[in-house]
Structures are given as structure tokens and as C-alpha cells.
Amino acid sequence: MRTLREMGRESIAIYSDVDVLMPFARYADRAFPLGGKEARETYLDSEKIIAIARRAGADAVHPGYGFLSENSEFAAAVERAGLLFIGPGHEAIRSMGDKTEARKMVAARGVPTVPGTMEPVESLEAASKVAAGIGYPILVKAAAGGGGKGMRLVKTRQDLESSLRSAKSEAQSAFGDSRVFIEKFVVNPRHIEFQILADSHGNVIHLFERECSIQRRHQKVVEETPSLAITQDLREEMGKAAVDAAKSCGYSNAGTVEFVLAEDGKFYFLEMNTRLQVEHPITELTTGIDLVREQIMIAEGDKLHYSQDEIRKSGHAIECRIYAEDVYSGFVPDTGALKMIRPPEGNWVRVDSGVETGSEISVYYDPMIAKLSTWDATRDEAISKMKRALDEYVVLGVKTTIPFCRFVMDHGSFSSGKYSTAFVEDFWTSDKRNDSVEGRKGSELAAIVATSGKDSSGAGSSEVVRRSSWTDQRFED
Amino acid sequence: MAAIIADGSKVEFEDGGNGLFVDGQKIDCLILSREAGRIVARIGDSIREILYEFRDGHLELHCAGLRFECNVASDRDLLIGSLETSGAAGKFHSDVRAPMPGLVTKVCVSRGETVKRGATLVILEAMKMENEIRSPRDGIISELYVANGAIVEKDQVLSSLE
Chain X
212 MRTLREMGRE SIAIYSDVDV LMPFARYADR AFPLGGKEAR ETYLDSEKII
262 AIARRAGADA VHPGYGFLSE NSEFAAAVER AGLLFIGPGH EAIRSMGDKT
312 EARKMVAARG VPTVPGTMEP VESLEAASKV AAGIGYPILV KAAAGGGGKG
362 MRLVKTRQDL ESSLRSAKSE AQSAFGDSRV FIEKFVVNPR HIEFQILADS
412 HGNVIHLFER ECSIQRRHQK VVEETPSLAI TQDLREEMGK AAVDAAKSCG
462 YSNAGTVEFV LAEDGKFYFL EMNTRLQVEH PITELTTGID LVREQIMIAE
512 GDKLHYSQDE IRKSGHAIEC RIYAEDVYSG FVPDTGALKM IRPPEGNWVR
562 VDSGVETGSE ISVYYDPMIA KLSTWDATRD EAISKMKRAL DEYVVLGVKT
612 TIPFCRFVMD HGSFSSGKYS TAFVEDFWTS DKRNDSVEGR KGSELAAIVA
662 TSGKDSSGAG SSEVVRRSSW TDQRFED
Chain H
4 MAAIIADGSK VEFEDGGNGL FVDGQKIDCL ILSREAGRIV ARIGDSIREI
54 LYEFRDGHLE LHCAGLRFEC NVASDRDLLI GSLETSGAAG KFHSDVRAPM
104 PGLVTKVCVS RGETVKRGAT LVILEAMKME NEIRSPRDGI ISELYVANGA
154 IVEKDQVLSS LE
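Residue numbers (the working numbering), protein chains in the order written: chain X, 212 to 688; chain H, 4 to 165.
To be clear, the hints were calculated from the coordinates, so they are not data collected in a lab. What you are looking at is a predicted structure, and each value in this text was computed from that prediction instead of being measured. The beta-carbon is built from N, C-alpha and C at its ideal position, and this holds for glycine as well. Hints may contain errors.
As the list claims (entries may be wrong) - Covered stretches of chain X (chain H as the covering partner; in silico rule of three or more C-beta atoms under 8 Å from a C-beta of chain H):
| no. | segment |
| --- | --- |
| 1 | 307-318 |
| 2 | 494-505 |
| 3 | 531-544 |
| 4 | 608-616 |
As the list claims (entries may be wrong) - So the derived label-pair ranges between C-beta atoms look like this:
| no. | chain 1 | residue 1 | chain 2 | residue 2 | range |
| --- | --- | --- | --- | --- | --- |
| 5 | X | THR640 | H | ASP26 | 24 to 30 Å |
| 6 | H | GLU165 | X | LEU364 | 50 to 56 Å |
| 7 | H | GLU165 | X | GLU649 | 38 to 44 Å |
| 8 | H | ASP31 | X | PRO244 | 53 to 59 Å |
| 9 | H | ARG140 | X | SER627 | 23 to 29 Å |
| 10 | X | GLY268 | H | ASP98 | 39 to 45 Å |
| 11 | X | GLU330 | H | SER145 | 57 to 63 Å |
| 12 | H | ARG120 | X | ARG320 | 48 to 54 Å |
| 13 | H | ARG140 | X | LEU364 | 24 to 30 Å |
| 14 | X | ARG523 | H | LEU33 | 51 to 57 Å |
| 15 | H | ASP158 | X | TRP559 | 45 to 51 Å |
| 16 | X | PRO323 | H | SER49 | 55 to 61 Å |
As the list claims (entries may be wrong) - 27 Å max Cα-Cα, derived DSS-like pairs, lysine-lysine:
| no. | chain 1 | residue 1 | chain 2 | residue 2 |
| --- | --- | --- | --- | --- |
| 17 | X | LYS451 | X | LYS477 |
| 18 | H | LYS29 | X | LYS366 |
| 19 | H | LYS109 | X | LYS366 |
| 20 | X | LYS477 | X | LYS514 |
| 21 | X | LYS652 | H | LYS13 |
| 22 | X | LYS652 | H | LYS29 |
| 23 | X | LYS379 | H | LYS119 |
| 24 | X | LYS248 | H | LYS119 |
| 25 | X | LYS652 | X | LYS629 |
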């Protein structure tokens with residue numbers, strides 16, 4: 212919406228009952244209620260959304276990066292309604308969204324894929340046979356999936372049945388499609404993805420990689436670009452593979468080709484995300500290209516404004532995702548009201564946040580609070596800036612991933628660049644809290660708060676607070 | 004005398020009328036401004052803003068890049084706490100609680116059923132992820148508090164074991 216405003220275009224927001232007070236709803240020039248709370252009766256209800264778009268006289272629909280953004284039927288319905296879909300054609304979404312079909316398609320273009328099944332597996336027997344063939348550990352993945360939903364890591368034959376069942380049922384509820392397939396699990400892989408831009412005239416370029424190996428529950432938390440894991444030669448090779456993958460389905464608009472990079476330097480196509488990614492800011496920071504603006508102009512039929520040779524990257528960018536989660540108890544989502552949120556500021560600190568003080572983090576949608584990105588000339592400086600920005604990010608009322616992100620920034624494995632998707636498993640334990648110096652300082656601050664007089668909100672009127680007399684005396688001094 | 008309890012360790016503080024003492028050491032502090040959730044104070048040679056959330060004896064604060072969470076307890080709280088933990092510990096472990104808020108999509112056991120440790124009791128959907136809530140030990144389901152489709156809060160008791 213910010214990009215639209217800069218381009219002099221009008222923006223229209225849609226919102227559920229839960230989100231009526233969210234900043235995005237009032238940022239938009241106009242905003243329309245979807246009615247309802249649950250995702251399926253609001254942001255997943257394509258008929259409602261298209262009806263609003265038509266009634267409002269919209270020219271185009273931007274699907275964002277969750278909900279219906281990778282739903283080919285929604286894209287097709289938008290096109291049928293005579294609106295521009297700011298994203299790829301529905302055929303490309305459908306074929307890339309079907310993970311087994313995508314694997315076949317890109318493999319035909321010579322892009323390497325992970326060993327596994329090319330077809331969905333039906334029965335436990337079939338799955339067991341395939342798994343035995345490629346060897347445990349394996350991944351069971353939803354054919355229609357993404358974002359780690361409907362995905363299970365299976366280490367032994369004993370776990371196969373329950374993993375298969377839960378992956379199928381999760382896939383059914385998340386995507387309305389219970390088909391799953393099996394892939395070899397690459398041990399200690401790095402997750403490297405390439406941003407691509409394609410126009411509707413057959414031109415495809417890539418905007419370099421993003422390193423997304425720091426994950427929990429197979430979902431990314433920290434991303435950076437460039438990656439220390441790939442050489443310039445490998446970057447060019449993977450970039451070419453990414454462009455080929457996009458061409459294999461006649462792709463247009465912005466998209467991301469995800470690869471796993473094995474310890475031996477081999478890389479495999481994982482999937483293509485047919486939408487803008489959550490982590491797109493770091494590519495914008497290093498290339499200086501507004502991806503949303505490119506998306507809009509591509510959707511309007513423009514040719515790409517850059518050739519591959521004109522794409523330059525400079526410096527280093529890092530993104531930390533701030534989720535409402537309790538990182539000390541297995542990253543479980545936390546909910547509640549944000550009593551206070553105050554984002555960091557300063558040069559080359561970017562905050563993409565949809566919430567503000569008073570916002571409610573509900574059980575209905577993903578618990579993301581913000582994306583915090585920093586840029587600097589070198590990686591070390593970008594890390595220092597990120598540490599500073601994380602420390603200054605005030606979030607009270609819900610638990611967040613900030614302490615975890617801070618831990619990552621401090622960790623030798625991250626600063627050396629030698630980390631993999633096993634980072635959380637290898638290094639994170641739930642007792643990584645305040646060290647003793649900080650604990651001591653924290654206790655002093657807590658004592659100051661506890662004795663500083665009755666909290667005017669009334670919520671914290673404990674025995675200690677009520678009988679405090681010390682601060683009043685100090686004021687009289 | 005009162006105490007701050009964080010990460011299992013206890014720090015005592017005292018507001019004696021002639022200054023604030025933390026573990027017997029005097030803290031040099033002058034409150035400059037005070038409002039709900041925010042204190043500005045001169046602490047030692049620095050001016051600091053303490054932003055905090057204080058509810059039910061639990062304090063969460065942020066000050067100059069430092070995050071800190073603790074419980075603040077008076078003498079009486081400490082005494083009550085020690086009485087409670089002595090008798091109730093065994094019983095508490097028999098309750099299976101929701102680790103996060105969410106929607107119960109499936110209850111996999113019934114009342115009176117004998118379960119093994121690790122058996123799936125309930126499937127809880129939160130943020131579109133399915134989580135299998137498993138039995139912490141061998142036992143018999145003495146009570147089930149939720150049914151399919153129930154929306155539960157974090158720490159809500161789902162089932163009891165005996």
C-alpha cells in the first residue's frame with residue numbers, strides 16, 4: 212500500500228472483524244469489511260473478496276503472501292472477473308503449487324531435484340517401500356503445501372504411520388488437499404532461495420539469493436543476503452537454474468525458487484513460491500529494487516525494466532522475523548494484547564509491521580508481529596546493527612522471537628556463516644535466558660518498578676507496591 | 004522485605020524508607036517521571052526509561068536494550084507459595100494442559116480409557132499447525148474437559164490422568 216501511494220494509485224483494504232482496528236485497514240484509501248473472524252470465512256473466501264473488489268471498482272488484486280496468494284483458482288477467478296491479478300498466471304500457480312508436478316516440470320528443464328517420489332503416495336505400504344528405497348530420514352510433504360504445513364520429518368519406520376496420518380490431515384485442513392509425497396531428507400542442508408522477476412513477454416531475471424537456513428518448525432526466522440555458503444560460480448549456476456525453473460512453467464511476475472544446498476555443495480530444487488515472499492525486504496535493500504512496484508508494473512504488461520547485467524547487489528542485509536512466540540517453551544505461539552510496541556529506528560533499519568500498541572494478537576491468524584531488516588556495507592556491520600535494533604525493539608504483553616534472534620546474532624556458528632537448518636536443534640536450548648550480569652541489573656530495575664508507587668493502571672497492585680513509601684520520600688528531598 | 008524471582012533464582016529487596024536495597028546493596032536511584040507502564044529515573048550516572056507491564060505479580064520490563072521478566076512476591080506470597088508446592092506437586096502432573104491456545108480438532112481418547120505414555124490424547128490446531136498432545140505417562144483418563152471443536156486457552160486443562 213505504501214508503494215501504491217508512492218505511485219499515486221489508490222489502495223483498497225479488506226479486513227475481518229478481528230482486524231478492524233489494525234493499522235493497515237486505516238492506511239488504505241478505502242477499506243471494506245469481510246464479515247467474520249475465521250480465515251476461511253474472510254481472507255480465504257475468494258467469492259467475498261472478488262465481490263468487494265468489483266463493488267469497489269478495483270483494477271487489480273494483490274494477493275499478499277499468505278492465504279490465497281498461491282491459490283490458482285483464486286487467481287483464475289480474479290482474471291475471470293476482469294481484474295488484474297498481481298502475480299503469475301493461474302496455470303503457473305497450479306503447476307508449481309502441485310509439488311510433484313513442479314518436480315517433474317523443472318527436472319525436464321535440467322534443474323536438479325531431491326531424490327524422492329514424483330507421484331503422491333497413497334498407502335502406508337507404498338510409502339514404506341519408497342522410504343526404504345531412498346533411506347531414512349525422509350520428509351513427508353503436502354503436494355499442495357508450503358510454509359512447513361503438512362510436512363513431517365520421519366527418522367524411522369516406526370514413526371511413518373503417525374507422521375503420514377498427521378501430515379495428510381494437516382494438509383487437508385490447510386490446503387483442502389490431503390495428497391502427500393516423499394522426499395529424501397538432506398542432512399544439515401542450507402536453504403537458499405533465488406528471487407526472480409519475469410514479465411509477460413518471456414523475459415526472466417534473478418535478483419540473487421537469500422539464505423534462509425535459520426528455521427524452527429521448518430519455518431524461517433532469520434534470513435540474510437548474500438549467503439556465505441555459495442561462491443560466485445555457484446551463485447551464477449543456481450541463478451541460471453532458478454531462471455530455468457521459472458521458464459519451465461511460463462512464469463510471470465515476482466517469484467522465488469527455493470533450493471536445498473547439501474554439505475557437499477550439490478543443490479536441489481525444492482519448490483517455487485509463486486508470490487512475493489515474507490523475506491523480500493533484504494533483496495530490496497541489497498539491489499535497490501522495489502519488488503512490489505515491479506510486481507504492479509509487470510501485471511500491467513510492462514517489460515522488465517532491468518536486464519540481468521543491470522542487476523547489482525551491494526552490501527549485506529539481514530531480516531529477523533518477530534513472531535509472538537514463547538521461544539523458551541518450544542516456540543509455541545503466544546496471544547494477547549500488545550501492551551506496548553516501539554520499533555527501533557536509525558539509518559538502514561527497516562521495520563515492516565502490521566501492529567501497534569494496543570493491537571490484539573489473536574488465535575485466528577499467523578502470529579507475526581513484524582519483520583526487522585538491517586543493511587550495511589559489510590556482513591559484520593549488518594549484524595552489529597541488527598543486534599542494536601533487536602535490543603531496542605520494545606514489545607511488552609506477548610512473548611516474542613526477539614531473544615532467539617538476538618541469540619542467533621551472537622552465536623559463533625552464525626557469525627562464522629557456518630550454519631544449517633539444524634541450527635535450532637543443534638544450539639538452542641530453552642534455558643538460554645539472561646546471564647548473571649543482566650539478571651542482576653534486571654533485578655535492580657524490577658525492584659525500582661515494584662517500589663515506585665501504585666501502578667495507576669491498577670493491574671499490578673500487589674502487597675509490595677501498596678506499602679511502598681520510598682519513592683514519595685525521594686520526591687520530597 | 005520482598006523478593007524478585009526470575010529463572011528460579013531469588014533476589015531480595017527492601018524498601019526501608021531511607022532508600023532501596025537490593026540484596027543488601029543500596030541502589031542509587033531518583034524517579035524523574037512516572038506513569039502507567041513507564042518510569043524515567045536517574046540510576047547511578049545514567050538517565051533510564053523503564054517500560055514495563057505488571058500484572059498478577061508478574062513483571063516484564065525493557066530498559067536500554069535489557070529485557071527482564073520476573074515475579075515480584077511479598078513475604079506473604081512467598082509463604083503461601085511454599086505451602087502450595089508441598090502438597091500439590093504430584094497432582095499437577097496428572098493434568099494435561101494445552102501448551103498454546105487453539106482449536107481442538109480431534110479428541111482421540113475417551114473417559115476411562117487406559118493410555119500409554121506418548122499416546123495421542125488430543126489434536127490441537129493452532130496457527131494452522133496440527134499439534135498432537137500426548138500423554139505424559141501411563142495412566143487412565145479420569146476426566147476429559149474438551150470436545151471436538153472446542154477453543155482452548157493456553158494452559159487450559161484438557162484432560163486428567165489417574
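Outcome of the hint check:
Given as covered by chain H, the segment 307-318 of chain X fails the check, having 0 residues with a CB less than 8 Å from a CB of that chain where 3 are the minimum. Restraint check on the segment 494-505 of chain X versus chain H: 0 residues with Cβ-Cβ distances below 8 Å, three needed, restraint violated. Under the rule that three or more residues need a Cβ within less than 8 Å of chain H, the assignment of the segment 531-544 of chain X holds, with 4 such residues. A stretch counts as covered by a chain when three or more of its residues have a beta carbon under 8 Å from one of that chain; for the segment 608-616 of chain X and chain H the count is 3, and the coverage holds.
The hint said 24 to 30 Å for the Cβ distance between X/THR640 and H/ASP26, and at roughly 27 Å that hint holds. For the pair H/GLU165 and X/LEU364, the beta carbons lie near 34 Å from each other, so the given range of 50 to 56 Å is not met. Distance hint for H/GLU165 and X/GLU649: a CB-CB separation of about 43 Å, consistent with the stated range 38 to 44 Å. Range check, H/ASP31 to X/PRO244: about 54 Å between beta-carbon atoms, so the 53 to 59 Å window is met.
Range check, H/ARG140 to X/SER627: Cβ separation about 42 Å, and the 23 to 29 Å hint is violated. The beta-carbon spacing between X/GLY268 and H/ASP98, approximately 55 Å, falls outside the hinted interval of 39 to 45 Å. In this structure, X/GLU330 and H/SER145 break the distance hint of 57 to 63 Å, their C-beta atoms being roughly 46 Å apart. In this structure the hint that H/ARG120 and X/ARG320 lie 48 to 54 Å apart at CB holds, the actual value being about 49 Å.
At roughly 25 Å, the beta carbons of H/ARG140 and X/LEU364 sit within the given window of 24 to 30 Å. Taking the beta carbon of each, X/ARG523 and H/LEU33 are about 53 Å apart, inside 51 to 57 Å as hinted. For the pair H/ASP158 and X/TRP559, the beta carbons lie near 41 Å from each other, so the given range of 45 to 51 Å is not met. Our hint of 55 to 61 Å for X/PRO323 and H/SER49 holds, since their Cβ atoms are close to 57 Å apart.
With a CA separation close to 15 Å, the supplied pair X/LYS451 and X/LYS477 stays within the 27 Å bound. At most 27 Å may separate the alpha-carbon atoms for a hinted pair to count; H/LYS29 and X/LYS366 exceed this at roughly 56 Å. Proximity of H/LYS109 to X/LYS366 is assessed by CA-CA distance (about 25 Å); at most 27 Å being required, the pair is judged to hold. A distance of roughly 34 Å separates the Cα atoms of X/LYS477 and X/LYS514; the hinted pair therefore is violated under the 27 Å criterion.
For a cut-off of 27 Å, the pair hint linking X/LYS652 to H/LYS13 stands: about 13 Å separates their Cα positions. For the given pair, X/LYS652 sits about 13 Å from H/LYS29 by alpha-carbon distance, which is consistent with the 27 Å threshold. Only pairs whose Cα atoms come within 27 Å are accepted, and X/LYS379 paired with H/LYS119 is accepted, the gap being roughly 24 Å. Pair hint X/LYS248 plus H/LYS119 does not hold up; C-alpha atoms about 38 Å apart against a cutoff of 27 Å.
A C-alpha spacing of about 33 Å is found between X/LYS652 and X/LYS629, which places the hinted pair above 27 Å, so the restraint is violated.
The structure shown violates the earlier hints numbered 1, 2, 6, 9, 10, 11, 15, 18, 20, 24, 25.
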